[in-house]
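Number of protein chains: 2
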Amino acid sequence: VSDWFENGAPAATIPVDDRAVQYGDGVFETIAIRSGRPRYWGLHMARLADACRRLSLALPATSILERDFDRALTRTTVNIGFATAKIIVTAGVGQRGYARSRGAPVRALIGIFPNRPLDATLYADGVSVRLCDTPLATQPRTAGVKTLNRLDQVLAREEWRDPGIFEGLMCDADGRLVCGTMSNLFAVRDAQVATPRLSRAGVAGIMRRRIIDLLAANGIDCDERDMPKDELDDMHELFICNSQFGVLPVRRCGVRRFAVGEVTRSVMAMLADKEVPECRT
Amino acid sequence: VSDWFENGAPAATIPVDDRAVQYGDGVFETIAIRSGRPRYWGLHMARLADACRRLSLALPATSILERDFDRALTRTTVNIGFATAKIIVTAGVGQRGYARSRGAPVRALIGIFPNRPLDATLYADGVSVRLCDTPLATQPRTAGVKTLNRLDQVLAREEWRDPGIFEGLMCDADGRLVCGTMSNLFAVRDAQVATPRLSRAGVAGIMRRRIIDLLAANGIDCDERDMPKDELDDMHELFICNSQFGVLPVRRCGVRRFAVGEVTRSVMAMLADKEVPECRT
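Residue numbers (the working numbering), protein chains in the order written: chain A, 1 to 281; chain B, 1 to 281.
Everything labelled a hint here was simulated from the structure, so no lab data went into it.
Hints may be right or wrong, so weigh each one.
No copy labels: a pair is met if it fits in one copy or bridges any two.
Straight-line alpha carbon distances no greater than 25 Å define the calculated DMTMM-like cross-link-like pairs of lysine to aspartate or glutamate that follow [unchecked claim]:
| # | residue 1 | residue 2 |
| --- | --- | --- |
| 1 | Lys146 | Glu159 |
| 2 | Lys146 | Asp17 |
| 3 | Lys146 | Asp133 |
| 4 | Lys146 | Glu158 |
| 5 | Lys229 | Asp17 |
| 6 | Lys86 | Asp234 |
Given these sequences and hints, build the entire structure.
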């Protein structure tokens, strides 16, 4: 039920020789479509540009991506009142072997997926999460970048089937919390807000960026730092975020229970005000 | 100029929704075809089975892979006197999100690529390698497995263009030698043979396995151990191996020069005898 487009035209397949298939040689963005328009388009384009730079991939012109994105939204059969888009940029077709072909054009794919708002009780009461055993690989070279190498997340997500568990939190091999399989993480202790540093692993989410900036605009510092998983026991509030659902309070991680706290509520209110109405409770 | 097959039939493309494209969710084998037959078929099938187990992927039946492989060799337009085959096993098509769909069948792709023997002088005199800056990610969960997440190797291979450099050696983030971008590494000091331990990163190559076993059969222990990169200075011989070229002496790594030593020669002779005639010098 997804629609994929390339150069504005439907494209359900790609060549097996594409380096995304062979090596995961590429990056992607996951963008919320609300009322027919992409949310945080500028932030996503800036992050995509940064990701391409980090991987030494030629950046597709934003104007062309924008045109193709508009075409995809026009042509899709998915209801774009509330949907999710993915933009994948791959290193394109290559010869066998790790060396990229000189001057091979990158490939940009745009996918539109149906989606629907989460149950309001999840925003009001919070979600249950678990601590995953699968560690995140430590790789400073691509830390923060949403590359197509996502086996860590896949293997972590395979750890549970219980539909009552909304998300799994992941640590690096040294037991530091980094992020969820599909979300970033914030923790609050005595009104001090912190989020894990992403210099060794993890994905630097758009919503994470937005929250840090909104907090700063409201005079609240957010500490980006190492966060040993043992600290979970001392935390008063925990919340997760991503570009699709916005912010969700965590009410339980394993046996540890959390109240939906003041900071979490105020972050949700800030976002709900203009940018992410889903967060209104 | 590659030929790809799926279920024995030509297959130049795969669905964009395949999890290999989206997440690199899969594994692969690279197999030498010599005189029309795959070399080390049994070893490759055993490693593929192990890789699927490590990633919780359903293993395609070996008998079916074998049948499809035969069909690919029959139908390809590539000269299979001397060629390279790739077998890719992906987690198949999935919904959006990291969770695999229950019961989704894996996809097995078989590619046949033209190849040709390396210049005999490389076997006789050795190759130049460099030490890469890009570290290998530390990930015990998939260490040793040839997964489709190969960005580390891609980025390392992007570090040089000099065609005189045959290979790049890679370290983990703690500066321990692990392997080359496309090969495994052996080092010799005072007739003691060692190869890096692959418990945190790296790919456990078929040719590496064969060499360790051949050495053992000849009464020579090979130490699988941590190998800080500083040890390179103290090594007397260095050689690299993979399933395609067999064994190549290293004559230079950066400014350090190595002689083609006795152990290297004898490993090459053992292999050349029956299994890898390319190594005959």
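Status of each hint after checking the structure:
For the identical chains of this complex, Lys146 and Glu159 are neighbours both inside a copy (21 Å) and across copies (21 Å), given an alpha-carbon limit of 25 Å. When the C-alpha separation of Lys146 and Asp17 is checked against a cutoff of 25 Å, the pair qualifies both within a copy, at 22 Å, and between copies, at 17 Å. In the homo-oligomer, the alpha carbons of Lys146 and Asp133 lie at most 25 Å apart both inside one protomer (21 Å) and across protomers (21 Å), since each shortest distance falls under that limit. In this homomeric assembly, Lys146 and Glu158 come within 25 Å of each other (Cα to Cα) both inside a single copy, at 20 Å, and across copies, at 19 Å.
In this assembly of identical chains, the alpha carbons of Lys229 and Asp17 never lie at most 25 Å apart, being 41 Å within a copy and 34 Å across copies at closest. When the C-alpha separation of Lys86 and Asp234 is checked against a cutoff of 25 Å, the pair qualifies neither within a copy, at 37 Å, nor between copies, at 50 Å.
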